[in-house]
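> Here is what each chain is made of, one letter per residue.
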Amino acid sequence: MPDEKKPCLSATGLTKVFGFGRQKTVAVDHVDFDFYEGEIISIVGESGSGKTTLAKMLLGLISTSEGEIYFQGKKRDLGKGIWDQWKKREYWKNIQAIFQDPYSSYNMFNKIDAVLLDCIRMRGGGKLPQAKKIAMMTEACSFVNLKYEELTNKYPFELSGGQMQRLMIARIFLLKPKILLADEPTSMIDASSRATILDMLLKLRKETGMTLIFITHDIGLAYYVSDSVYIMEHGKFVEHGTADEVILHPKEAYTQRLINDVPKIHEEWDLSTV
Amino acid sequence: MAYVMLELKELTTKYITRFHEDVYAVDHVSLKVEEGKSLGIAGESGCGKSTLALSLMGYYFAPLHYTSGEIIIDGKNISGMKPDDIRKTILGTEIAYIPQAAMNALNPTQKIISFINDVIQAHDPATSKKDCYDLARSVFENVGLPAEVLQKYPVELSGGMKQRTVIATSVILSPKVLIADEPSSALDVTTQKVVIKMLRDLMEKGIVKSMIFITHELPLLYNVTDDIMVMYAGQIVESGTAQQTVFDPLHPYSKGLMGSIIVPEAGLRDHKLTAIPGVPPNLKKPPAGCRFADRCKYVIPECKTNSVGLHVLEDDKRAYRCILPEEELRRYYKNA
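First to last, the sequence lines map onto chains A and B.
Residues in the first sequence are numbered from 7 upward in steps of one, following this note's numbering.
Residues in the second sequence are numbered from 4 upward in steps of one, following this note's numbering.
No wet-lab data here; the hints were simulated from the structure.
Note that the coordinates shown come from a computational prediction; the quantities given were computed from them, not determined experimentally.
Possibly wrong hints are sitting among the right ones.
As the list claims (entries may be wrong) - For lysine-lysine, the following DSBU-like pairs were computed, each having C-alpha atoms within a straight-line distance of at most 35 Å: (1) B/165 / A/270; (2) B/320 / A/270; (3) B/40 / A/270; (4) A/270 / B/208; (5) A/117 / B/287; (6) A/270 / B/12; (7) A/160 / B/287; (8) B/300 / A/160; (9) A/153 / B/300; (10) A/270 / A/257.
Unchecked claim - A few chain B residues that don't get close to chain A, going by computed Cβ distances all over 12 Å: (11) 18; (12) 71; (13) 78; (14) 160; (15) 330.
Quick reminder that beta carbons are idealized off the backbone N, C-alpha and C, glycines included.
Whenever a hint applies, use it, and build me the whole structure from the sequences.
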């Protein structure tokens, strides 16, 4: 963690309401936070706690109902409607995401080349010579232990889930955003490839110094990777602090229950408390 | 030695693809499940865990085909039976299967009770509706589900509730072996715990006699089952008690797998996760030697040419599939 903490992404009173009247659902309920530059943050919650809605708001994919988001100290302005789309594009140069399901993250009609070339174009490298572009793509692929030569003529569905997720990291490597939001990046891949993906994300973060936000339901993973942990319940943050504080010495009853429910290997798993 | 409920002897099954290629997804698998015990099967996706579950029911439908080996349930060999006979006499009463997406097994236009009626009457058409209801009610209450669930439609139930309903339905005729194929992977931790508690209750109350539990989550497996088998590319690479396989793995693959466990416990942040490099072999053309050789750290030239058998250690249950002797492997792990 850097000595002087500069807030990278913050929010005050952030709220998202779906529906109205009797159908009203408050998915995210007046959330405040400060995410600092270069930190690794985890947002942990059960399904339906509003994690993904929060992520979508931070990415600017859905509008906020109330509250403000501040990016690097300035109020975020994405404008309204299609004529302000360029503002979003500018914003997305700074914040990028990896989603849970690698299979649905790609355009199935585009070859892998096109996926990576798009990233280069987005960083303003559209006019570079072809050889330079290929060198960049090869570098990105080798960063995630993929071979560019084997991938060039393939479509995303020809890869396995783990490879797709790694390619996603290769995209991030080319884009070099300030913030990476990883929404359950490992929940659809099995335990042995999970370690590989995590290693790569941490290596990438070390190289670029970006802020990493993990959204997960896996408390073990949150504990392993993050500096600070936020626990989310019904759209609210019930507890936050450093990973050691929150996971090893939880104060709130909800957090305690959540941690108790995870099967462990060195401690007895108490089944009587359901 | 306790009574053996289910035994597989060198079971081999294959998939035949559209292009007439054989994929050996289950390759000479032998295992034993004793009465009152549970067996866990671990392994990464695509290693044949779910195919093994389908194969050991004896119920084959294309593209899955039976090749060789024996399946013995409660002293009866079912490996040569016709699919129709299996469905009528074996499934439900001898073996029950909980699929991965159990919640999709329910018919949205049918009440739970009528679904259960169908299940029971498929085995004994003479059963009256009243008897079905009484049986369903007693099983549901035994496993801690309210009887009102029976009168509901699937859409009225939550995900965890649906999963438990499907489990209760599949054990309604008290099968001898229950196969649970990732029953909790779509659920969050709290619901998962409820489902696991239910499975354990079923075992304790004697509604099911023995269980095979399939998952890739090792901490869960360690807490649920008595024995664990690790599968890799269609073969069993290691077997032993849960304690042995998790804390003292012998095969390099299981060693790697155990090193990737993440649990929220003190001390986790200090140890480095081990990732296994590479990808599993293509099962259309399995390598001649050890199937793990390409990804193994301790590979020697003989690994790629000699086929490797299962070494059974003295206590009969513990076995591993590696060319290297036990002492040498332990020495490697100690120095690593």
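> Would the hint linking residue 153 of chain A and residue 300 of chain B be met if the CA-CA limit is 35 Å?
Roughly 21 Å separates the two Cα atoms, so the pair holds.
> Verify that the Cβ of residue 160 of chain B lies farther than 12 Å from every Cβ atom of chain A, and report whether the claim holds or is violated.
Label holds. Min Cβ-Cβ 15 Å, cutoff 12 Å.
> Are residue 270 of chain A and residue 208 of chain B close enough, with their CA atoms no more than 35 Å apart?
25 Å, holds
> Taking the shortest Cβ-to-Cβ distance between residue 78 of chain B and chain A, state whether it exceeds 12 Å.
For residue 78 of chain B, whose nearest Cβ neighbour in chain A is about 33 Å away, the distance exceeds 12 Å, so it holds.
> For the pair we were handed, residue 160 of chain A and residue 287 of chain B, check the Cα-Cα distance against 35 Å.
21 Å, holds
> Between residue 270 of chain A and residue 12 of chain B, does the CA-CA distance stay at or below 35 Å?
Holds, at about 33 Å.
> Holds or violated: residue 300 of chain B with residue 160 of chain A, Cα cutoff 35 Å?
30 Å, holds
> Take the C-alpha atoms of residue 117 of chain A and residue 287 of chain B, compute the straight-line distance between them, and say whether it is at most 35 Å.
Measuring from Cα to Cα gives roughly 26 Å; hence the hint holds.
> Mind checking the alpha carbons of residue 40 of chain B and residue 270 of chain A for me, to see if they're no more than 35 Å apart?
It holds: about 21 Å lies between the C-alpha atoms, which stays within 35 Å.
> Checking one constraint from the list: CA of residue 165 of chain B to CA of residue 270 of chain A, max 35 Å. Satisfied?
Since the Cα atoms of residue 165 of chain B and residue 270 of chain A sit roughly 26 Å apart, the hinted pair holds (cutoff 35 Å).
> Is the Cβ of residue 71 of chain B farther than 12 Å from every Cβ of chain A?
Residue 71 of chain B is indeed farther than 12 Å from all Cβ atoms of chain A, at 29 Å.
> Per the stated criterion, does the least C-beta distance between residue 18 of chain B and chain A lie above 12 Å, as a non-interface residue requires?
It holds; residue 18 of chain B is separated from chain A by about 17 Å at its closest Cβ, greater than 12 Å.
Figure legend: structure checked against the earlier numbered hints; every hint is met.
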